[in-house]
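Knowing the structure of chain A, use the given hints to seat chain B on it.
Protein chains in written order, with the numbering used here: chain A, 1 to 201; chain B, 1 to 277.
By construction, these hints were calculated from the structure, which means they are not laboratory data. It cannot be assumed that every hint is accurate.
[Stated by the list, open to error] What follows is a set of in silico ranges between Cβ atoms, one per label pair, in the way DEER data are often shown:
id	chain 1	residue 1	chain 2	residue 2	range
1	A	79	B	77	20 to 28 Å
2	B	217	A	72	25 to 33 Å
3	B	139	A	79	51 to 59 Å
4	B	140	A	79	56 to 64 Å
5	A	31	B	39	45 to 53 Å
6	B	54	A	58	18 to 26 Å
7	A	58	B	48	27 to 35 Å
8	A	142	B	151	19 to 27 Å
9	B	77	A	165	24 to 32 Å
[Claimed, not checked] Calculated from the model, a selection of chain A residues having no Cβ within reach of chain B, i.e. all distances over 12 Å:
id	residue
10	35
11	69
12	73
13	74
14	83
15	93
16	96
17	140
18	142
19	156
20	162
[Claimed, not checked] Among chain A residues calculated to face chain B with C-beta under 7 Å, some are:
id	residue
21	38
22	66
23	80
24	87
25	133
26	151
27	161
28	181
29	182
Backbone N, C-alpha and C fix where the C-beta goes; we use that ideal spot for every residue, glycine too.
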Amino acid sequence: MPTPTRTLLAEASRRPTVAYCHDGAAMRDQPSLIEAHIPGLRRFACALLRGDRQGADDLVQDCLERAVSRWHLRRVEGDVRGWLYTILYNRFLSDKHRQRRRGVHDALLEVAEAELPGVDRGQDWALEHRDLLRAFAALTEEQRSVLLLIGVEDLSYQEAARVLGVPIGTVMSRLTRGRERLRHYMNSGVDGRNAGLRRVK
Amino acid sequence: MTPRGRPVGEDDLHAHIDGQLPHDRAEDVNAYLAAHPEERERFSQYAAQRQALRAALAAQADEPIPARLRVATLLAEQRRRRSRWLIEIAAAVCLIVLGGISGWVARDLTSPRGSLPLGAVARMITADAIAAHRTFSVEVRHPVEVDAAQEAHLVQWLSKRLGRQLTVPDLAAADFRLMGGRLLPAEDGPAAQFMYENGNAERLTLYLRAGIDGETAFRYHEEGGIGAFYWSDQGFGYAIAAKADRDLLLRISEIVYQQTPPDGVKAKIPSAPGKAS
Chain A
1 MPTPTRTLLA EASRRPTVAY CHDGAAMRDQ PSLIEAHIPG LRRFACALLR
51 GDRQGADDLV QDCLERAVSR WHLRRVEGDV RGWLYTILYN RFLSDKHRQR
101 RRGVHDALLE VAEAELPGVD RGQDWALEHR DLLRAFAALT EEQRSVLLLI
151 GVEDLSYQEA ARVLGVPIGT VMSRLTRGRE RLRHYMNSGV DGRNAGLRRV
201 K
Chain B
1 MTPRGRPVGE DDLHAHIDGQ LPHDRAEDVN AYLAAHPEER ERFSQYAAQR
51 QALRAALAAQ ADEPIPARLR VATLLAEQRR RRSRWLIEIA AAVCLIVLGG
101 ISGWVARDLT SPRGSLPLGA VARMITADAI AAHRTFSVEV RHPVEVDAAQ
151 EAHLVQWLSK RLGRQLTVPD LAAADFRLMG GRLLPAEDGP AAQFMYENGN
201 AERLTLYLRA GIDGETAFRY HEEGGIGAFY WSDQGFGYAI AAKADRDLLL
251 RISEIVYQQT PPDGVKAKIP SAPGKAS
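Same shape as in the complex, but just chain A (with noise of 0.2 Å):
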């Protein structure tokens, strides 16, 4: 069958150039595939160190030389956000126990500063925002990462539950318990109750 096989042919040549390409058509999609999530990985990865940006970044990068070198390896039907979360989930989990010995950062306040000018948006709105972060950071990081994956990353909760290998029930009980730990942090006033915990430690 003459016409088919040049089809084949021309559709082949046409194909960018990309080498250990296992599946071609998400190869060719893989970049815009990837880079859509980046701007919520930075985020998911800064807030989880607690506003170490640098950190965040170095996060991030790991992860995406990772998901592109384990590109062929990724489940096909699976999607590509909770997959490329649970890789970066994994990563600050394995590094966790470094970054304990270098000190623990406490920069999401600093972001808080940096971030939020009181100028356009007014001052209540930052403070505001600054109290919510400093409570935020002296939640247990268990309990940061479902906030984060549900609340600010819109995972729905069973593919929450997936990004952290934990079962579905556990992500809900520490959205409850992380949830009423910051309300009550923000209704008994943040700051002697977390100046008391950073001191601990």
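Below, chain B without anything else, positioned relative to chain A:
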């Protein structure tokens, strides 16, 4: 009071503010909230926090993506690494095959170092440098053979043994002072080791081999907590080793690179260091 259907749970209420509530539950949840003002208040606070957190973190996501996170950059880097790796593997395989055929005869005819790929030489010297650092940096009584007080003698002696004029880099800019140096046996000739120390008694060594062909960029390698940058330049192979972080080692490597060899000031650094290879 729950008018109908399954009783409303905490999970339904969270799903409600997260926009994940199945349509058929919406009516039950709304009725429940209408009947329970304190729960309504609690969840409206959760919803407000959720919204505020999004707003507070929005700035990070709005920033332009830095070049190093571009997928195209990562792909190019990966291809480069893969091809270099393949070339080195291929070269290693060729060498093993050639070595098997030619055996000892070839040893006298060609310099084995000349036929090794640059990467293999780099790895070999880096490993030697790290081993030498490990051995002598912990020495309390005899860390060096000739100490810095006799620097002129040290330089003259090591230059003579390596067959090339050496310079001892001055690392005062990085707060390291010269302790002295020693001569070490290496694969096929002598190597020199200069040892430096800073105010915190942290030691750093510069390992030097002469007769190295080619010019390579800085390469980083780490083994058992000791990091090392290697490069080759104008006939010398250099390795800076210390129990220090990569940035400090790189800074010191750049200082050494600028100061060696003595003839002429250099304008540029070989290239930005790649990831560990």
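Now for the hints, and whether the structure bears them out:
no. : hint                      : verdict
1   : A:79 x B:77: 20 to 28 Å   : 26 Å, holds
2   : B:217 x A:72: 25 to 33 Å  : 30 Å, holds
3   : B:139 x A:79: 51 to 59 Å  : 57 Å, holds
4   : B:140 x A:79: 56 to 64 Å  : 59 Å, holds
5   : A:31 x B:39: 45 to 53 Å   : 46 Å, holds
6   : B:54 x A:58: 18 to 26 Å   : 24 Å, holds
7   : A:58 x B:48: 27 to 35 Å   : 33 Å, holds
8   : A:142 x B:151: 19 to 27 Å : 58 Å, violated
9   : B:77 x A:165: 24 to 32 Å  : 29 Å, holds
10  : 35                        : 6 Å, violated
11  : 69                        : 6 Å, violated
12  : 73                        : 14 Å, holds
13  : 74                        : 14 Å, holds
14  : 83                        : 14 Å, holds
15  : 93                        : 21 Å, holds
16  : 96                        : 19 Å, holds
17  : 140                       : 16 Å, holds
18  : 142                       : 16 Å, holds
19  : 156                       : 6 Å, violated
20  : 162                       : 15 Å, holds
21  : 38                        : 5 Å, holds
22  : 66                        : 10 Å, violated
23  : 80                        : 12 Å, violated
24  : 87                        : 13 Å, violated
25  : 133                       : 5 Å, holds
26  : 151                       : 4 Å, holds
27  : 161                       : 12 Å, violated
28  : 181                       : 11 Å, violated
29  : 182                       : 6 Å, holds
In this structure, the hints that do not hold are numbers 8, 10, 11, 19, 22, 23, 24, 27 and 28, in rising order.
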